[in-house]
Structures are given as structure tokens and as C-alpha cells.
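Novice: Each chain is listed here by its residues.
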Amino acid sequence: MEKQIVRTKNLKKYYQMGENTVKALDGVDFQVKDGEFVAIIGKSGSGKSTLLHMIGGLDLPTEGEVYVDERNLAKLNKEQLAIFRRRTVGFIFQSYNLVQDLNVYENIILPIELDGGHIDAPFIGDILDLLQLQEKKDALPNTLSGGQQQRVAIARAIASKPAIILADEPTGNLDTATSHDVLGLLKTVAKQFEQTIVLITHDQDIAQLADRIVRIEDGRVVGGSLTEGSESYAEK
Amino acid sequence: MLKNNNDEMITRMAKRSFVRNKRKNLVLILAVFLSTFMVFSVFTVGVTYLNMLNRQNIRNNGAKFDAVLMGGYTQEQKKFCEEQENISVIGSEARAAYAERTDRDDTLNVAIRWSDDIYWNRMKSEAMEWVKGSYPQEENEIMVTKAALKDCGYENLGIGDELPLTYRNHMGEYTKTFTITGMWEGYGVQKAIYVSEDFYQQSGYRLEDTNSGILYLDFKSMLMTKAQQSNLEQKLDLGKQQRLFFNSDIEMSVPIFLGIIGLVFVTCFSAYLLIYNILQMSVTANVRYFGLLQTIGMTENQIRKMLKRQMSFVGAIGVISGTMVGCFTSFVLLPKIVKILGIKGDVQVTFQPIVFLMTLFVVILTLVFGSRRPAKYAASITPIEALGFRTTSNTKASHKTGHGNLLWRMAVEQLKKDKKKTVVVLLSLAASLSVFLCLVTLIESQGARTIISNYMDEDLVVVNDTTRKEDESDWLPILDEDFMKKLDRNSKIKETHPMTDTAIIVPWEADFSDMWMQEFYTTWMDHDYAQDIEEYKAHPDKFHSFMTGIDEQQFEYLNATLETPVDKQDFLNGDACIIYRNSLSFTADDVSGKEIHFSIMNQTSDLQTMKIAGMTDANYYVNMLGIAPTIIVSDQFVQKYVKNPIVFQTGIIYEEEYDETAEGEVKQYVEETTHAKDVSYDSKIESMKGVKKAQGNMMGVGIGIIAILTLIGIMNYINTVYGNMQSRQMEISIMESVGMSEKQVKEMLMKEGLLFTLGSFAITATVGLGITYACYQAVNYMDVAFAIPWEMVIIAVVVLVVICVEIPLITYQNSVKRHSIVERIRCMD
Chain A
18 MEKQIVRTKN
28 LKKYYQMGEN
38 TVKALDGVDF
48 QVKDGEFVAI
58 IGKSGSGKST
68 LLHMIGGLDL
78 PTEGEVYVDE
88 RNLAKLNKEQ
98 LAIFRRRTVG
108 FIFQSYNLVQ
118 DLNVYENIIL
128 PIELDGGHID
138 APFIGDILDL
148 LQLQEKKDAL
158 PNTLSGGQQQ
168 RVAIARAIAS
178 KPAIILADEP
188 TGNLDTATSH
198 DVLGLLKTVA
208 KQFEQTIVLI
218 THDQDIAQLA
228 DRIVRIEDGR
238 VVGGSLTEGS
248 ESYAEK
Chain B
-14 MLKNNNDEMI
-4 TRMAKRSFVR
6 NKRKNLVLIL
16 AVFLSTFMVF
26 SVFTVGVTYL
36 NMLNRQNIRN
46 NGAKFDAVLM
56 GGYTQEQKKF
66 CEEQENISVI
76 GSEARAAYAE
86 RTDRDDTLNV
96 AIRWSDDIYW
106 NRMKSEAMEW
116 VKGSYPQEEN
126 EIMVTKAALK
136 DCGYENLGIG
146 DELPLTYRNH
156 MGEYTKTFTI
166 TGMWEGYGVQ
176 KAIYVSEDFY
186 QQSGYRLEDT
196 NSGILYLDFK
206 SMLMTKAQQS
216 NLEQKLDLGK
226 QQRLFFNSDI
236 EMSVPIFLGI
246 IGLVFVTCFS
256 AYLLIYNILQ
266 MSVTANVRYF
276 GLLQTIGMTE
286 NQIRKMLKRQ
296 MSFVGAIGVI
306 SGTMVGCFTS
316 FVLLPKIVKI
326 LGIKGDVQVT
336 FQPIVFLMTL
346 FVVILTLVFG
356 SRRPAKYAAS
366 ITPIEALGFR
376 TTSNTKASHK
386 TGHGNLLWRM
396 AVEQLKKDKK
406 KTVVVLLSLA
416 ASLSVFLCLV
426 TLIESQGART
436 IISNYMDEDL
446 VVVNDTTRKE
456 DESDWLPILD
466 EDFMKKLDRN
476 SKIKETHPMT
486 DTAIIVPWEA
496 DFSDMWMQEF
506 YTTWMDHDYA
516 QDIEEYKAHP
526 DKFHSFMTGI
536 DEQQFEYLNA
546 TLETPVDKQD
556 FLNGDACIIY
566 RNSLSFTADD
576 VSGKEIHFSI
586 MNQTSDLQTM
596 KIAGMTDANY
606 YVNMLGIAPT
616 IIVSDQFVQK
626 YVKNPIVFQT
636 GIIYEEEYDE
646 TAEGEVKQYV
656 EETTHAKDVS
666 YDSKIESMKG
676 VKKAQGNMMG
686 VGIGIIAILT
696 LIGIMNYINT
706 VYGNMQSRQM
716 EISIMESVGM
726 SEKQVKEMLM
736 KEGLLFTLGS
746 FAITATVGLG
756 ITYACYQAVN
766 YMDVAFAIPW
776 EMVIIAVVVL
786 VVICVEIPLI
796 TYQNSVKRHS
806 IVERIRCMD
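Protein sequence lines, in the order shown, are assigned to chains A and B.
Going by our numbering, the first sequence runs without a break in its numbering and finishes at 253.
Going by our numbering, the second sequence runs without a break in its numbering and finishes at 814.
If you're looking for bench data, these hints aren't it; they were derived computationally from the structure.
Keep in mind that the hints are not guaranteed to be accurate.
[Said to hold, decoys possible] Derived pair list, reagent style BS3-like, types lysine-lysine, alpha-carbon separation capped at 30 Å:
| # | chain 1 | residue 1 | chain 2 | residue 2 |
| --- | --- | --- | --- | --- |
| 1 | A | 20 | A | 50 |
| 2 | A | 154 | B | 385 |
| 3 | A | 153 | B | 479 |
| 4 | A | 154 | B | 401 |
| 5 | A | 29 | B | 728 |
| 6 | A | 95 | B | 731 |
| 7 | B | 404 | A | 95 |
The model shown is predicted, which means the values in this text are computed figures rather than measured ones.
Work out the full structure, taking the sequences as your base and the hints as a guide.
Specialist: Okay, here's the thing in C-alpha cells:
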């Protein structure tokens, strides 16, 4: 049986807005296999980002369980969650979220440094080459284009060799051509380093790049499908 | 072109913006308030202190002047003074006669003086409470006080009455009946009779005479440096008997003035930094708003005007409240503060419009300078710039990858990011720390200056006051053998050092005594030695002096201070003595090796001869001074030579320094004698208590000053940290999202705080210490070695570390941590 990197069970997240209770997630059962590239699609406010935050250990569920790499996140305290994030998860955000005071290289190795870990220079070099960032490694983020910044974010997400990469609308701030370039690189990197990826988008075309698409509506998973060519990818 | 009347709209917008940014504006108002209060208080204390010092000097001196030339003066010296631009008033006074007796009293203590118009009307009048009648014009007219009349036994006389008086002047003794033309009361010498110029002209005295002419100088400027004072003294080319004295207010004018200016500068500088920092942050935070205002058509001028108006609200509230509280505090606390600074008597604080105007000027200037650049920046923002504005001031395109601890690197990077702001905060904190260092060092050094209250640093010196009487037969043996035995038996007392004093006669001889007398007359007397030499030869007892007997330890202490040490055995055996210089211009070489012959009173046949082995200026060894030389000899010699010598004082050293029980017991022994009231003390414990009290009071004033500056500095730091935290929310959230734990965030912030402390400490340790050293040396007249009070400094640094570290943590907890990481990330997207 294939290893499941992510497993949620009856996952619920409720917010209190005045007298109303908003059910951001309402009993989600969801799994991601090791090495799989899953796209979660849904409208704005459907709960897809909330699900990603739960998997990434940024937020805790109101009810239910989230297992990532065999760890029940509900049982981790704040400190353990922070360590979990830097060791197990790589994030890619819509607005890149790079630290402006650190150069490209420092941003990429930030999670490793925070963990006090050894920097695998050849590995980081490979990533820089693959993402065409070698010449920009000393540059500060504010001098880079949006596409370049998102490539740095991808590099940072991969650098610590996490169990899973979570990408939240990674092309939301990019034009179409750049979006395709960035996603192409993300897929190449994931393939080369056999990374599990969960990508959130509202764009059907982008979702087609994944092996599997999961649709979410009003806080519930309402369907899923394999995309074209997904079997061969999964087999690898 | 007609001017648009948009003033009302701008005022309205300024008001709205003022209300909208309540928190920031409150901090600004507080900064202006504290600065106004501080500047007002410093100016008021300074001006009142100088005024009171001036008034105290006028009262003590009985006239208003800054310097006095005593010992007679020449017309050339007066002319020189008249030519000096800095000298505004020059007055003369002179001794005109000695009052001998009246038919009602034959022991008069009244001075008979003449003063010129300038001294009387412009200098002395300042110290008078009232004057009736007029200054004498005729030779037989006088001006008197009630006290003078009382001394003459004619206290009921008034203006127009006549006073018969016998007086002696340079020409001889006369008796005359004087008519009283005027009376006065006031400060200064009370038993004084003033006479006319005619009387003085006939007195035989000249203004050049040592015991007659006195020249009073009042300077235009309140400030005079030490160099200027010495320069004037040099140019006056003073004779041997002339002395130029400066009043304490002019003598200390420059250090006091620099102190006031320094405090005002540091206060304004701190306030400037705070105002500048808050406004700059406020403008940066509102870039989009200012861009929007320009988009809808507001001109640069109007934006500037709006900000200026906003600052005028801040200024008005801050200045008015600061002055009001300053006024209140000045009238309530100021008398205490001025007394602490050394003024005796009632302190009168008057509202000085100049102080108010100066405060207003200085604070408004600070406000204008502090807000000028931010206003200019706000006006220069274009709408396009505003749209794409991000709060980052890192203008670099790249940097090399750093090495070492990530958190330290990030903390350093944070300080480097906005260098200007970092410098502003560092300077502000360093200003408080530097003022603290300066004040604490100065106050602490006061202790070292005065705690060695007597020459040998003895715990207690017991003085037999009867030995201060002129007639030796009035001296009582209070510190006698019984008393000394009691001291020796007391186990709490380690050492006693009694000193004896005996009157001696030094007969004339051609070598040493003649040489001494010549120099003594040149320096101290108003007539020539030649006039008295025959009298001296015939009756040396009329020119007697004294001999002090000291023990072996006292000799060793004294010997260590001499240029050429004296042979101990010679001294103890009574073969050699040490001579007291008495301000004569002899050097040790002039007298060393010479012999002195002397005998004690009523024992002239037993003439002793001793070698003069050294000379000292230490007046600790001198009880009474005579005309002939005062000598210091060994107590062994005194015991052999003098029958029942009188102990004039004894120094006592306790087993334990500052032992109050031992001191109580010594005082008890004194009480047990029959002449306890004729004994006085010089106690190290009392000195220490006095110093501690003075230090405590000074410390109170110092802490007030430091507290205000520290508050301004900390407000600056809090604002910077708060502003930073607002603009770094995103950065911190990003780092948290990629795995930075709360502990690591806090550690990073703590490190930033430590860097601020380190930075401000570095500035204080260099610039602050330099200023402190300069201030210290400016007032270090006693040549006390410079020492930093480390305990206080370490406490201040620890407090600064706690503040600098805690404020970012508290701000993080209250601003960043108020929202969950998910909420913050949502805001970013």
C-alpha cells in the first residue's frame, strides 16, 4: 500500500462571526499520497485555503484530525508546529512572501538555518540552476520580477527537502506567460526531487497540470478526478 | 492671481488628522510638554540660581561688584580698568581713620571710610534697605548706621545731630564733633561711618596704601572665563600686597552657564529627535494618504501648511501645559532646588518674562526643525509614488550572503535597514545615558572632595577653643593628661595625636629673623619694617609668635609632604624645626640651614637655637599666627623645654572608621570636663553625613533631570519599535510561516534590543565619557582623580538593557501576536 503523506478525517473549522458561525471546513476527508501532485480547486471562500493552512500547521481544526507524515497536528504545541513547518512543509504563497532584507540565497536557506541544520550546498546549487537563479543569488527580492520572486519561493520551499509542498494560488499575481513558466518549473522540480505537492487554485487550466484534482465547495470535498497522464506520473 | 481662501479647509483637515492620529499626537504633545517643562525649569533654576548667588554676594559684600582689588591701588591701575570695555562700573572706597573712642565708649569697633560717588550710588546702594539724608560733603560731616551709633554709645542720635569722636589717622589722633548728614541701613559691614572726600584728603592716607584704597569692579558680562580672570590679574600688574578677588558668581559663571546650555541642548536635541522620528514615521505610514490628497488636487504648499498647522496644535498644547506645570513646579520646588545648590536664606522666585520667551523660542525652534523634513517629504510624494509605495527603505540591490548566527544577522540587518532612524534612537538613548553618567560622576565626586575633612584624615579632631584667644593667660588646659589618658584607655580608639601650642619670642638677629621680618612687613604690613626695627630689637615680645609641638607620626606625615625631607632624628631630638611659610615668598632653599633663636615667654634667659630644616604651607599645624615665624617642633622637645604645655587640638583615629559609638564616648569625656562649651569638633562622621545629605539632595535634582530625558529617549525608542513592528508584521509572519518559532522571533527581537543598548552604550562610553570628563575637569578645582561610579553605571546599563529588550517583546506581544498567523497571512495576500 502506498504511503499517505496527508490524511484528514472529518476535518472541521468553524469561525465565529458575531452571532453567526461560519463553517470554513465542514467534515473534510482528504488524502494525498507520497509523490502525488494534487490540485484543490474551488471558488473564493470555499474553504480551500483553510484546508491548506490546516495541512501546513498554520491553523488548528475545530474538530477532526490532520495527519501529515504520520503526525497528528492537533497534538502539537506552537513550538512543535513551528518546527514541523520548517522541517516537513514547504510553502509557496500567492504574494511570494520573501523576506525583503535577505538576499535570494539567504531566503532559500532560511528554513534550514532556522532549524540549525547543515546546508547541502550542492543540492541548493542544483535548485538555483534548475530555477535559473544562479546569477541572482545575491540580489534582494525587491529588485526581482514577480516571476523571479516566485521562483525563489519555490526554491525555498524545496530547499529543506520537505515531505510536502503547499502552494496557495502561486500564480495569482503573475501574468499568463509567467504563470506557465513558473508552474512548468514547479512541475519539473517536483518531478526531479520527487516532491509531493498540494496546489490551490481557482483556475481550471492550472489545475490540469496536477495528477489529481480535488474540488471543494462550502467547506466540503465534492468531487475529485485524475488528470490526463496522471498514472504515468504517479508511477514514477 | 487671486489667492484661494482655503485656510478653513486646511485647518479642518489638520484638525481631523490631528484627532485621527490621537496616539501619535499624544506622544508628540507629551514630548513638547516635557521639553518645555524641562527647558523652562532649567532656565528658571539657572537664572534664579545666578540671581540669588548675585544677591547673596551683594548682601555678603555690602555692595554690588564682581571683583575687588584690595591692598591699595594706583591711578594707573584704575585708569587701566576704566579703559576696559568689559568693566562697566568702577568704584572706590578707602579707610579714612580708626575710631578710637567717644566720651561714652572707649573700645570702639567702628570703621571710618570714605567712598566715591560711584561706589556709594551705584554699588553700595544695591545692598541698602533705606537711606535718609545725603552723603557728607564737608570735612566734619558723616553718614552713619544705627549699629555704628550704638557702638559709639550714641544710639539715639539722628540726622542733624552731632557726634563727638576721637579718631586716629595717618597724621595722628584727633577729636572732633561731626554732624550727621545721613543714615542708612542695609547689608555688609554695619558698624561703619562714612566721611567726606575733604576728610579723606586730610587723613594722610593715600589710595595706594595697603590698608586704605579698595577698588571695586563690576563687569558688563555675567560670564568670565578663568583665562580672562587671570589675564585681568596679570595686566593689573599687582604689587606684593595687592590681591584681586572675584566673587563666586563670576568665578563659577562659565561652568554654570555651560551646564545650563548643555542641559537645554540635550533636552532640545532629544525632543527634536523624538518629534522628527514620530513625524517621519507618521508621514511614511500615510504616504498613500498624502498621494491621494495630491491626486485630488492638493498642492505641496497646502500639504506642508496642513502639517504645520497640525504641529502648531501640538506645539500650543505642549508649550502651554509645559509652561504651566513648569511655573507651578518652579514656585513650589525651585526654592528647595536653589537651596540645595548652596544658596542660604529665603529664595525669591520671580516670573521672568525672558525665561518664558527663551523657552518659547527654543521649543518652537525644536518643533520647527523637527517637523521641517517630514513635512517636506510628505509634500514631495507624488500620487504615482504613493500607489506603489512599500514601507522599505532598503535601497540596496543586493548583498553578499552573511555568515554566523542567523538571528544576530537578522537583528543587525534590522538596525542597518533604516540607518537614519537607528541613529536617531541611538542618539536619543545615548543622550539620557550620557547625562546620567555626567551627573552621577559629578555628584559622586563631591564625596571624595569633602570626605577627607581634615589634614591627616583623622576620624575626629577635638579643638580647645580657648587657645584661639589672643592672651595666652586665657588658655585653659582642657585637653589635659587625664583627658588624653581616657582616650588612650578606650579600646575603640586606635591612635591619638595631640598638638601643643606655646607662645615664643624670636629676638632680632642680623641673619634669619631680620630677613623674615623684612619679608613679613613687605607682604602683610602697611608700613615699612624700618619704622619698627628698633622697637623689635628692644621689645621682641611685642612681635611674638608660636611654636607647635607634634608627635612622631604627625612628623612623618608632614615630612612626606616636604620638598626636601627633614632628618627624623634631628627633628625628634629638638635639633631641627620646620617653619610655616605664612604666604611669604621664601623658598625652602632660602631658609634651610639657617638657625632660629627663640625662647618661651617669661623665660627669655633660656634661649634655644634650632636649625631650620624645612618649610611647609600646611596650616593644620598652626593654631595662632604672630609676626615672627611660627615653628613646628617635636613634642619630645616641647615636653623637655616647656612646663605644662597646652594641647590646642588632638586628632583621633578609631579602630573602625566611622565608629559612631567611639565618637559618642569621646564627646562624653569632653562633657565630663568643666569646660565642655569651649571645645569644638571636626568630625569625619559629621562631614560624611553632610556630604551624603548634599549628595542625596543633588541626586534628587539629578534624577529629575535624568528621568525627563530618559522618558523622552524611551518614548522615542517605543515609537520606533512600534513603527518597526507595524511595518515588519509581514516579515515576521513570513518567517513564522516558514518555521520560525515564537521563541526564535523573541530571541531575534531581544538581540535587536541588545544591539540598541550596545550602540547607545558605545556612544556614551566615547562621546558621553569625553563630555563628562570635560565637565568634571571644568569644576575639579581640588584635583580629585577622575573616577567613574561603576555601580551606578552598571545599574543604568542593566535598566537600559531591560527596557531595550522588553519594549520590542511587549510590542510584539501587543501588536503582531494579537492576530493569528493565518489572519496575518490572509492580510498579506
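Novice: Look at each hint and say if it fits the structure.
Specialist: Now for the hints, and whether the structure bears them out:
1. For the given pair, residue 20 (chain A) sits about 6 Å from residue 50 (chain A) by alpha-carbon distance, which is consistent with the 30 Å threshold.
2. With a CA separation close to 9 Å, the supplied pair residue 154 (chain A) and residue 385 (chain B) stays within the 30 Å bound.
3. At roughly 82 Å between alpha-carbon atoms, residue 153 (chain A) and residue 479 (chain B) are farther apart than 30 Å, so this suggested pair is violated.
4. Proposed proximity of residue 154 (chain A) and residue 401 (chain B) is supported: the alpha carbons are some 20 Å apart, at most 30 Å.
5. Restraint check for residue 29 (chain A) and residue 728 (chain B): the C-alpha separation of about 29 Å stays at or below 30 Å, so the hint holds.
6. A distance of roughly 14 Å separates the Cα atoms of residue 95 (chain A) and residue 731 (chain B); the hinted pair therefore holds under the 30 Å criterion.
7. For the suggested pair residue 404 (chain B) and residue 95 (chain A), the alpha carbons sit about 34 Å apart, so the restraint of at most 30 Å is broken.
Of the numbered hints listed earlier, those contradicted by the structure are 3, 7.
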